[in-house]
Amino acid sequence: DIQMTQSPSSLSASVGDRVSITCRANQSISTYLSWYQQKPGKAPKLLIYVASSLHSGVPSRFSGSGSGADFTLTISSLQPEDFATYYCQQSFSTPLTFGGGTRVQSK
Amino acid sequence: QLHLQESGPGLVKPSETLSLTCSVSGDSMISSTYSWGWIRQPPGKGLEWIGNIYYNGNTFYNPSLESRISISVDTSKNQFSLNLYSVTAADTAVYYCARVWSSSCFDYWGQGTLVAVSS
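So the sequences go chain by chain: A and B. Residue 53 in this note's numbering sits at position 53 of the first sequence; the count goes up by one each step and never skips. Residue 9 in this note's numbering sits at position 9 of the second sequence; the count goes up by one each step and never skips.
In short, the hints are calculated from the structure, not lab data. Note that the coordinates shown come from a computational prediction; the quantities given were computed from them, not determined experimentally. It cannot be assumed that every hint is accurate.
In silico PhoX-like cross-links for lysine-lysine, where the CA-CA straight-line distance does not exceed 25 Å [what the hints assert, rightly or not]:
id, chain 1, residue 1, chain 2, residue 2
1, A, Lys107, B, Lys45
2, A, Lys42, B, Lys45
3, B, Lys45, B, Lys13
4, A, Lys39, B, Lys45
5, A, Lys107, A, Lys39
6, B, Lys45, A, Lys45
7, A, Lys45, A, Lys107
8, A, Lys42, A, Lys107
This is chain A alone, in the form it adopts within the complex:
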């Protein structure tokens, strides 16, 4: 199985901050990487697919980059509605696997 490691596991930030979350695979996964946002009690929502493509309706302050084994999700200017937990997920091979999550909380 491909293991996905996110860092940090949590971070504190303020509205307007630039926030970056890292996801690392234990082998190359090309760009078969997606990012999700999950708020408490809600289903995850797709933000980014194939490493850098923005899903329909997702604000442009979200961006993804990377290829191979190292990926980054960036929020250019954190908004109040962005406080949530973020997950990466690889689809290079089955079983599909998720990172452990990064909780973005208010400083």
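Position chain B against the provided structure of chain A, taking the given hints into account.
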């Protein structure tokens, strides 16, 4: 707008079978671009992929669960279902159904349903 809705018992006894159905509305399930998946999340923990199914019945299962799961599809009802056999407390989780785009990402999700395994 695509909508997915999970349904099924919220409580299952140990050693019994967990059965859930996902009803899809807003679009037909018949597509070679999309498959349909199940994901679960134990309380306070991360996400675990369970398996996917195409409209023609082709399935892909997580090997860690493969011996205990079965996913089926009924295109006439626009539904797909999950059976998880011989459950234990470790199977307590919120179970989500989702559409899978190009065997890649889960682009639309149901709201999730909490299933507790307890006697």
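Verification of the supplied hints:
{"no.": "1", "hint": "Lys107(A) - Lys45(B)", "result": "23 Å, holds"}
{"no.": "2", "hint": "Lys42(A) - Lys45(B)", "result": "14 Å, holds"}
{"no.": "3", "hint": "Lys45(B) - Lys13(B)", "result": "22 Å, holds"}
{"no.": "4", "hint": "Lys39(A) - Lys45(B)", "result": "13 Å, holds"}
{"no.": "5", "hint": "Lys107(A) - Lys39(A)", "result": "17 Å, holds"}
{"no.": "6", "hint": "Lys45(B) - Lys45(A)", "result": "17 Å, holds"}
{"no.": "7", "hint": "Lys45(A) - Lys107(A)", "result": "24 Å, holds"}
{"no.": "8", "hint": "Lys42(A) - Lys107(A)", "result": "23 Å, holds"}
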